[in-house]
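Produce the complete structure using the sequences and hints provided.
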Amino acid sequence: MSARHRSRRRELVESIAQGAVLLSDDGQVLAINDAARELLAIPEGARTRTATDVLTQPALADAVDDVRATGEPMTLEIDRADAKLRANVSMLRDEVLVLITDRTEEHRVDELRRDFVVNASHELKTPVTSIQALAEALSVVCHEQPERVPELVGQLGDEAARLAALVHDLLDLRRLEERGPLELARIDLAELVRRVVANQINRAEALEVELVVDVPSEVQVTGVVGDLEVVVRNLVRNALTYNQAGGTVEVRLRILDDDEVELVVADTGMGIDASDLPRIFERFYRVDPARSRDTGGTGLGLSIVRHAVENLGGSVEVASQLGDGTSFTVRLPRGGPAAPR
588 MSARHRSRRR ELVESIAQGA VLLSDDGQVL AINDAARELL AIPEGARTRT
638 ATDVLTQPAL ADAVDDVRAT GEPMTLEIDR ADAKLRANVS MLRDEVLVLI
688 TDRTEEHRVD ELRRDFVVNA SHELKTPVTS IQALAEALSV VCHEQPERVP
738 ELVGQLGDEA ARLAALVHDL LDLRRLEERG PLELARIDLA ELVRRVVANQ
788 INRAEALEVE LVVDVPSEVQ VTGVVGDLEV VVRNLVRNAL TYNQAGGTVE
838 VRLRILDDDE VELVVADTGM GIDASDLPRI FERFYRVDPA RSRDTGGTGL
888 GLSIVRHAVE NLGGSVEVAS QLGDGTSFTV RLPRGGPAAP R
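For this note's numbering, add 587 to where a residue sits in the sequence shown, where the first one is 1.
To be clear, the hints were calculated from the coordinates, so they are not data collected in a lab.
Since this is a predicted model, take the numbers as computed values, not measurements.
A couple of the hints might just be wrong.
[Said to hold, decoys possible] Derived DEER-like restraints, expressed as beta-carbon distance ranges:
#1 P737 - E897: 39 to 49 Å
#2 I603 - Q908: 44 to 54 Å
#3 D666 - P737: 52 to 62 Å
Glycine included, C-beta positions come from ideal geometry on N, C-alpha and C.
Right, here's the structure in full:
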């Protein structure tokens, strides 16, 4: 092979975005790009002269031998401790080309999607089963114990409301995760916070929890009205749910500077164990599953908060100590997301 031919081969391999290794028919490495070195975890400065030097995964080395023998291309999955890879091995005239793609993120998303379907199916099954059981009970009670009909109808309504809330949250979460175009508008966030909190007063009174609101007269931001309402509502409802009779929920809004605002929702409730904090924004994760279900929680509220805030270019943090309350802090850019997403 001429020097010019070898140079063109190297240029071809180096121009490929995927990891790429070009091998001669006798197993010599003709070219290898930086992406392949990284994906194959080849240490800097390590020898890369032969296939044995670079193809340390037995399955990949065997695939190269098979393709060289048959001429038929092969695709295989490679599991590293810290990565999921896909390798495509094919002949390029009398040479073997190995293309390697990092599928780690794709694999992670697939796992999340599978988990989501499993969890959603489980959560939907519970109210549906209850509704079926109540409907069957009603058909009997109507004739034998008519005085119990109002009680069962009320329970049926509660389960239907729970099912509707779950479906609504699932649709909200899907919309936020898809990260579509935002319908941005100028909003008085102070007025929005006061209005959303006012809608929770009856719930707070029923739970014997005091709602305290501390917001400026006006705070102009650029955002999505519906998403900001969901953020405030979910945080306040969460603070009420995990509080205790005689407790307090404090909602504070302040302007940090010309570019950022801060919303804090703090409660005097049960608090969150340190082991639960890293998972608090996961879908369907509940610190107290029984209490959340009893109060109509779907397990999606905080995940929706995180996605809505991040879509608006902001951040949300949680601070808590078991038995000593919880505080959620949301920071948002006043001008909305910095760049199109």
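Here is how each hint holds up against the structure:
1. P737 - E897: 39 to 49 Å: Once the Cβ atoms are compared, 45 Å apart, the range 39 to 49 Å for E897 and P737 holds.
2. I603 - Q908: 44 to 54 Å: Check passed, 52 Å falls within 44 to 54 Å.
3. D666 - P737: 52 to 62 Å: 58 Å, holds
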